[in-house]
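**Q** Next come the chains, spelled out residue by residue.
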Amino acid sequence: MKNTILCLLCLSFVACQKEFLDKKPIVGITEENFYRTEADAIAAVNAAYATLQFQLSPAGHFRWFWGDIMSDDTDKGGSGDNDAANLLQLETFKGPTNTDLLESEWSANFEGIYRANVVLEKVPAIEMDPKLKARILGEAKVIRAWNFYNLVTMFGGVPFVDHVLAPSEYNLPRVSADQIWDLVERDLVEASADLWKRSDYTEADLGRITLGTAQSLLVKTYLWRKKWAEAKATAEKIVTSNEYQLVPNYADIFTLDGENNIESVFEIQYMNASGGNWGKNNANEGSFTNVFQRARGQFAGFGFNIPTQNFVDEFFKEGFEDPRLKSTVFRIGDPMGDRGIFTIAATGDLPFKYYTKKYFNNKSEDAPFGDPSPNGGSNDRVIRFSDVLLMHAEAAFQTGDETSAKTSLNKVRARVGIPDVTATGPELLEAIYRERRIELGLEAHRFFDLVRTGKAPQVLNSQGFKSGTHEVFPIPQSQILATGGILLQNPGY
Amino acid sequence: MDKNSKKFTAMRLHLSFLFSLLVFAATAQIKITGHISIAPDNESAIGATVAVKGISSGAITDVDGNFSIQVPDRKAILVFSYTGYTTQEQEVGDRNVFTIMLAEDASQLNEVIVTGYGTEKRSNISGSVSTVSAEEIAERPILRVEQALQGRTAGVQVAQNSGSPGSTLSVRIRGVGTINNADPLYIVDGIPVDGLDFLNPNDIENINVLKDAASAAIYGSRGANGVVLITTKGGKRNQEGRISYESYYGVQRAGRLLDLLDAREYATLQNEAYIAAGKTPLPEFANPEYLGKGTDWQEAIFQKAPIASHQLTFSGGSERSAYTVSGNYFSQDGIVGGGKANFQRATVRVNGVHDVKKWLTIGNNLGFTWLKRDGLTENSQYNSPLIRALNMDPITPIRKADGSFAYSNYSSTDIANPVNGIEQTHSTWRSNRLVGSVYGELKLAKGLTFRSALSIDATFATQRSFNPKYDLSNIPSLSEAPAAEKALVNSVGIGNNTWRNWQAENVLTWQKNFNEKHDLTLIAGTTALANRFDASGGSNTNLPSNDPKDAYIGNTIDPIASQSAYQWANESSLFSYFSKINYGFNNTYLFSATFRADGSSRFGKNNRFGYFPSASVGWIVSHEDFWKVKAISFFKIRASWGQNGNDRIGDYSFTTVVNNGQNYTFGNGEIITNGAVSLTSANPDLKWETSTQTDIGLDLELFDGRLNFTTDYYVKKTSDMLFAAPIPLIAGTAAPVQNVATAENRGLELALGYRNAYRAFKYTIGGNIAFVESKVTGLGRGGEPVLSGFVQSANANAAKTDVGQPIASFFGYVTDGVFQNQSEIEAAAFHSTGTVPGDIRFKDLDGNGLIDANDRAYIGNPTPRFTYGINADFEWRNLTVNLFFQGTQGNDVYVNTTRFDFSYVNRPSSALNRWTGEGTSNSEPRVSLTDPNQNARVSDRFVEDGSYLRLKNLQVGYTLPRTWIKKMNFQKFKVYITGQNLLTVTKYSGLDPEIGNIGGSLEIGIDRGFYPQARTIMGGLSLTF
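Going down the list, the sequences are from chains S and A. So for the first sequence, our numbering puts the first residue at 2; every next one is plus one. So for the second sequence, our numbering puts the first residue at 2; every next one is plus one.
Heads up, some of the hints might be wrong.
To be verified - DMTMM-like, lysine to aspartate or glutamate: derived pairs with alpha carbons at most 20 Å apart:
#, chain 1, residue 1, chain 2, residue 2
1, S, 25, A, 535
2, A, 967, A, 63
3, A, 606, S, 32
4, A, 975, A, 136
5, A, 606, S, 33
6, S, 24, A, 572
7, S, 134, S, 23
8, A, 606, S, 204
9, S, 359, S, 314
10, S, 25, A, 572
11, S, 19, A, 572
12, S, 24, A, 686
Don't read these hints as lab results, they were simulated from the structure. This one's a predicted model, so the numbers in the text were calculated from it and none came from an experiment.
Construct the complete structure from the given sequences, taking the supplied hints into account.
**A** This is the structure:
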């Protein structure tokens, strides 16, 4: 009997051991009990979208920092050389490797990748409408591709993070830029199969990534990879889809009414609600671009991203003032919306003759409550249909189809009422490049276009650009240290 | 054979076995009588045991020392024993009457030590275990169990976390080995418990502290901070029933008060401060002399406070069972706050053990505790009564002419009238807790026992708080008093907490002696343990009545919408296998090894089970034939090694919650749409913290056990310490806690005891000392130092834990006197544009010509270099005197008792030595309303030596002579007077140098207005009949 008792006692505890030790949080949503419903899937992908808005993580990492200031289009600006001194260092290609500006860029993109990876790992198991599920997975793939696109164009090859990393995997080394490009291309191709057309979305979903977004990013990717035929074919799919048109009036594009218009292919959404929050704040829906680029003094901005004379001069190269200039740049004497006339005195006596106009917001458009100054509502126009047309023109030219190239190029020119380009051969290509500089001016394309087309060493020579080094930025030093040197620095830094 | 008939057969077997025993006993009937007395006075021994060797039956002596026993035959050997005296054995032979005198046993070697899942004789232990006996507890009325360990056990550092009644103590065994939870594991009668506040010290039989890893390793993932095993008093078998009553009553007073500025001095310095800041002094301070001494706020908050305890115990036992039933009531008021800091505890304990069958013993240890604690804000640099009393200006009276409380015209926030603050505090914690176990022990075969215990620890506690309405304004309609001096809306809150823990434990023990030479003990067992915590509560504002009696949420009139409610629950579980082998050869060579496997719900799924091995060896050199040193009667060398874990890593640290609010805007109307993701990554690899400890020790007894000496040296290395070290950003999430940090403790412990007697004068002198050095050796790659010890007056952290440094070392600027004139300022590194003569000069440690954050250094260590205790017990006839000293040496205290961030606060009178002109002071800076030089920044100015030696306890007792009390049927009647904390020797300038850690392992030795321990005088009596 004693033995029976003994055995029973022992057995009773050994038997139920596994469940006994498996304790999940009782209160609070954990990963284990989230990701069960359609609503969870949508919330998951929304969180990935939220990273697109990150501009301070915690230092500034605006797309126009890299695309415009690093190029010949704009200078840093600000209150003086010491205002964001690291940015000036980067602009003059004396870039420090330990700046939090680069670290923030690095961090924001990997945060987006992590959140997209969460969606790609968790959503497939959710029982829900298959069409919606496919779309959500497509959105996540484009967000992942977009972040890797940013990283590969900024830094070259980076760690290959195609899944949610376990703590034991945090020390991944870099892979080649080509491997990252392959991932970007694969994600975009796959997303193109599942994503909805813009017209398939309801009004409430305006601003979501569409088939057109995926395809246009894919065209950009193909251009970087010099896959001209694929680029041309994909661009043509966008054009023939009839989902997108050029808006008649160029000046309308950058108004609040012009947000998510018929020309918009990829636009990061912002609104002027919520109080001013400096630092990476996930609840903040506002953009800091407005206040950063607005003139100082009575305009209550910080006066960054000052257009250069060289950039303004480009608008006069055809013997007339390109009509797009007045929608791109403020010149002395111009009214700055409802904030007053631009004079040197009104900007706090800073020596700048030009300010950017595309992301200017009126005082009446400031947040209606809270601390309005940091929060602008202007959406970030990442890819417009005119960009798609110009990419198509470039791809067509490279495949030898100058006719198609000119057709697309001249569609863009015709919108603003300037004469068709008739040049052929290398001159046509130059004309396409020049059209990109003007049409897409101050939209954060220029530096990357210069690097992509190989023109950076020549154009940016006077800024200190050295071929073979400055095509990419340095890997943030903090990350090299955090991995104990497993991440290797880019050559020349 | 079916199951029932099998059972029946087994029962029959047992019955026949029992029967044969009875027959055996019945056939042998020789009656032996006698008397037992004890040396040196030949006093009758009451309750001494007489047993027949090899037979469990026995007898005990009556109140006159007489006994009577039946023995089977003339060859039987009688064993006479009495606690504290040497056991004697005699063969019956042809005698029928025995007169025995037992000699006092000076040696502690035969003491039975409770170790994990068993007991061992002290002489045979090869690990490092310290013991506190009931006797030692009895000679010093302690209020909380942890106090019994303070100064008694080498290597156990105990410090009061507050002097307020019912407050906790910090117990650190062999130093702080982790930056996380460093509390030891407490096991009461085999039940793991959280905190000891429920336990009545009078119920304790003994406390054993498992210090080295080998001893603690049987507790596996919970043993890294050491294990404290507490056994409560059970009845003794064969003991006549006893009733004892113990009681004491005492009065507590504040030890010392600080010398602060009086009203005249305060006004004088305020005037100077205004002038220094370029402002016109306040008109009311124009003639400081007229202001007199003003208010002494310390006097205002400190008071005499009573303390009392009553204990009634019934105990006794027959041959086959024993019991103890006790009840205790304890009440203590605070020296600050009086009844507003009252602590009361009522306990009932029922312990019993019964032999149901020859092969089955069952027992129970059940304790129920009700306790109530009224809490004031303590040890807060913001708004505790203490910090307010030390900082409140002496100008403001306690009360206005109309008797209502006054407010200060100079204060704005935090520093408010402390007496009113106490008055307006209504916060009570009530708890009902049942801690108990029932067990059964089966004797399966000779030497083989199986024990199964089921225990629970259930606590139901309620926190009630009420914040009344009040307004100290002179003109209520204007309500002009500062915000801290009024509450225009009252509020009420309640919190209910339940902890429900159960444990089921099965242990198989096999003990055998082979050929008189080999002693073998094998232990194997399993434990299942589950904990669940539930909390819920709510609050609301606006009660029509301002009477605390009406403070219920149901009485509030504010709408439901303004109510708040919360609910929380978490749980954890542990399942373990453990085993132990003890082997002794020839009583000379000792070997012990343990192995435990712990599966815990707290560990990530990749590390569900942790494995903890240990081994120890001992060599009793004095038992060797070659040992000829007569003076040294016992000489043992020990060595041990083991690994332990610390599983206090939070219940769900391996997982991560999904955070909502990761929003994006969609749609034409720009709708903010919720997004959700985990912002911190889960860590499925999460596991316990591991500590690996090596210990070598020596035990000596000299002069027939009169002198004993024990020493241990150990190295304890903690690895896998939990820390959220920064991770590469490619993770895309915040850093999860990981097992990355490491620490190391080394220490030396010495304990010495001497006991002797000269005729009727007996004395015992003992002392122990422990040196310990703890430092962090790694914080993981990229691990930033951990800052702690926030000091509001400097708006900075005063403590830093970094690689190579002792834990929570003070870190700040180094002062270099006071600037005497402008040229000294110019000659020194740049401090600030506002620096003027009279400001503190700081050292430019990095020599860059600028005083900046890089000029900070390690300026103090809050951990003592050594701690020690000394006890001396004297006994002359019926008079006893016990002295107990305890102290620390080499620890620093950071003095953060003056709120320099406010310009109107009072200061210690040392401020009178302030700089007032060239050559006036080189240590105390000028006074000013503003502090552009940041004289109050964290610096060595505020670091003081916190070493102290304290007479913790002095007791004079008198036991009434037996001849007197016998007529009244008393067995024992003792009266005593005890003084606690009567004398403190320290250089520390604050109220109390004994400052524990308040708010975590890294908050050590920072005086934020510490609630000091009381100086207490108590009278007590103890009687048994």
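**Q** Holds or violated: are the alpha carbons of residue 359(S) and residue 314(S) at most 20 Å from each other?
**A** Within the cut-off at roughly 18 Å; holds.
**Q** Is residue 24(S) within 20 Å of residue 686(A), Cα to Cα?
**A** It holds: about 15 Å lies between the C-alpha atoms, which stays within 20 Å.
**Q** Between the alpha carbons of residue 606(A) and residue 204(S), is the straight-line distance 20 Å or under?
**A** Since the Cα atoms of residue 606(A) and residue 204(S) sit roughly 44 Å apart, the hinted pair is violated (cutoff 20 Å).
**Q** Against the 20 Å threshold, does the CA-CA distance of residue 134(S) and residue 23(S) hold or violate the hint?
**A** 31 Å, violated
**Q** Given the proposed pairing of residue 975(A) with residue 136(A), does the C-alpha separation stay at or below 20 Å?
**A** 14 Å, holds
**Q** Quick one, are residue 606(A) and residue 32(S) close enough, alpha carbons at most 20 Å?
**A** Satisfied, since the Cα-Cα distance of roughly 14 Å is no more than 20 Å.
**Q** Take the C-alpha atoms of residue 25(S) and residue 572(A), compute the straight-line distance between them, and say whether it is at most 20 Å.
**A** 8 Å, holds
**Q** Need the status of pair residue 24(S), residue 572(A): alpha-carbon distance at most 20 Å?
**A** 7 Å, holds
**Q** Are the Cα positions of residue 606(A) and residue 33(S) separated by 20 Å at most?
**A** 13 Å, holds
**Q** Holds or violated: residue 967(A) and residue 63(A), Cα atoms, limit 20 Å.
**A** 13 Å, holds
**Q** Sort out whether residue 535(A) lies within 20 Å of residue 25(S), counting only the CA atoms.
**A** Holds: residue 25(S) and residue 535(A) sit about 15 Å apart, inside 20 Å.
**Q** Are residue 19(S) and residue 572(A) close enough, with their CA atoms no more than 20 Å apart?
**A** Given pair residue 19(S), residue 572(A) holds - Cα atoms ~15 Å apart, limit 20 Å.
In this structure, the hints that do not hold are numbers 7 and 8, in rising order.
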